[in-house]
Amino acid sequence: MTAKKIPAAAKTTAAKPRRPGRPRGGAINVQQRELLLDITLALYAENGIGETSLNAIARKAGVSPAMLNYYFQSRESLLDIVVEERFLPLRQRLVAHFIDDPRDPVTTFSAFIREVADIVTTYNWFAPLWMQEVMQGEGGLGQHIKKRFGHGERDEVKKLIEGWQQQGLLNADLEPQLLMTSILSLVLVPFTRFANDPAYNRDIIVQHSLSLFCQGIKPTSLAAS
Numbered sequence: 017m018t019a020k021k022i023p024a025a026a027k028t029t030a031a032k033p034r035r036p037g038r039p040r041g042g043a044i045n046v047q048q049r050e051l052l053l054d055i056t057l058a059l060y061a062e063n064g065i066g067e068t069s070l071n072a073i074a075r076k077a078g079v080s081p082a083m084l085n086y087y088f089q090s091r092e093s094l095l096d097i098v099v100e101e102r103f104l105p106l107r108q109r110l111v112a113h114f115i116d117d118p119r120d121p122v123t124t125f126s127a128f129i130r131e132v133a134d135i136v137t138t139y140n141w142f143a144p145l146w147m148q149e150v151m152q153g154e155g156g157l158g159q160h161i162k163k164r165f166g167h168g169e170r171d172e173v174k175k176l177i178e179g180w181q182q183q184g185l186l187n188a189d190l191e192p193q194l195l196m197t198s199i200l201s202l203v204l205v206p207f208t209r210f211a212n213d214p215a216y217n218r219d220i221i222v223q224h225s226l227s228l229f230c231q232g233i234k235p236t237s238l239a240a241s
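Numbers 17 to 241, taken from this note's numbering, label the letters of the sequence shown in order.
These are computed hints drawn from the structure, not numbers from a lab.
Some hints could be false.
Said to hold, decoys possible - Derived Cβ-Cβ restraints for the label pairs, each shown as a range:
1. Lys163 x Ala215: 39 to 49 Å
2. Asp189 x Asn71: 47 to 57 Å
3. Glu101 x Lys234: 41 to 51 Å
4. Asn187 x Val46: 14 to 24 Å
Stated by the list, open to error - No more than 25 Å apart at the CA atoms, straight line, and that leaves these computed lysine-lysine pairs for BS3-like:
5. Lys174 x Lys163
6. Lys174 x Lys162
7. Lys175 x Lys163
8. Lys162 x Lys175
Glycine is no exception: its CB is placed at the ideal position from the N, C-alpha and C atoms.
Take the sequences, apply the hints, and build the full model.
Structure below.
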């Protein structure tokens with residue numbers, strides 16, 4: 017019995033193993049990339065960075081895990097991109113009040129508080145993400161930024177605060193790093209706690225934060241004296 021001859025057309029159309037490379041669906045454009053970063057930040061804020069996998073991001077975005085791996089390589093690489101492109105520019109806005117044009121402590125910290133409020137109301141992931149990660153301590157976002165991008169700006173702010181204390185412009189008993197954390201908490205906790213309560217809008221929270229920071233708990237008449 018003779019073997020059947022395979023038609024030439026069948027030879028040319030036979031499926032070949034797909035070579036490794038870009039996943040099906042084509043390259044993502046700028047808008048799609050930004051949307052993926054938005055989704056990543058939303059999941060970070062909701063679940064925490066450590067609990068957010070590439071698979072979870074892919075499911076939320078409606079894309080394949082293979083595509084996410086192809087374009088971002090790993091969860092750590094994606095975190096680096098998010099921090100560098102989304103978080104660090106906002107941190108630069110905050111520290112600019114202390115580095116670019118510092119004035120007296122009350123004026124500078126008041127501008128800082130208003131800047132925090134502007135960021136929180138513009139980027140709804142910022143407050144819950146900060147609240148999530150500050151509780152992480154050594155394993156949180158702050159340690160990741162320090163390890164990958166350094167904390168030179170934070171050290172400059174600390175030096176400025178210490179200078180104010182030496183000049184007698186700021187309470188010498190305040191610890192600079194605790195002071196910054198306390199002020200951020202003063203603003204971010206109310207924004208997080210009352211995020212869905214229209215009775216506590218941006219202006220009310222800012223006014224409360226400024227009053228507490230600048231005048232403390234003394235009655236207005238005593239604080240002014």
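Okay, the hints, checked on the actual structure:
A C-beta distance of roughly 41 Å is found between Lys163 and Ala215, which places it inside the suggested range of 39 to 49 Å. For Asp189 and Asn71, the hinted distance range of 47 to 57 Å is satisfied, since their beta carbons lie about 49 Å from each other. The given range of 41 to 51 Å is respected by Glu101 and Lys234, whose C-beta atoms sit roughly 44 Å from each other. For the hinted restraint 14 to 24 Å between Asn187 and Val46, the CB-CB distance of approximately 48 Å leaves it violated.
Pair hint Lys174 plus Lys163 holds up; C-alpha atoms about 19 Å apart against a cutoff of 25 Å. For the given pair, Lys174 sits about 15 Å from Lys162 by alpha-carbon distance, which is consistent with the 25 Å threshold. Straight-line distance between C-alpha atoms of Lys175 and Lys163 comes to about 21 Å, which keeps the hinted pair within the 25 Å bound. Our distance criterion of 25 Å between C-alpha atoms is met by Lys162 and Lys175, whose separation comes to about 17 Å.
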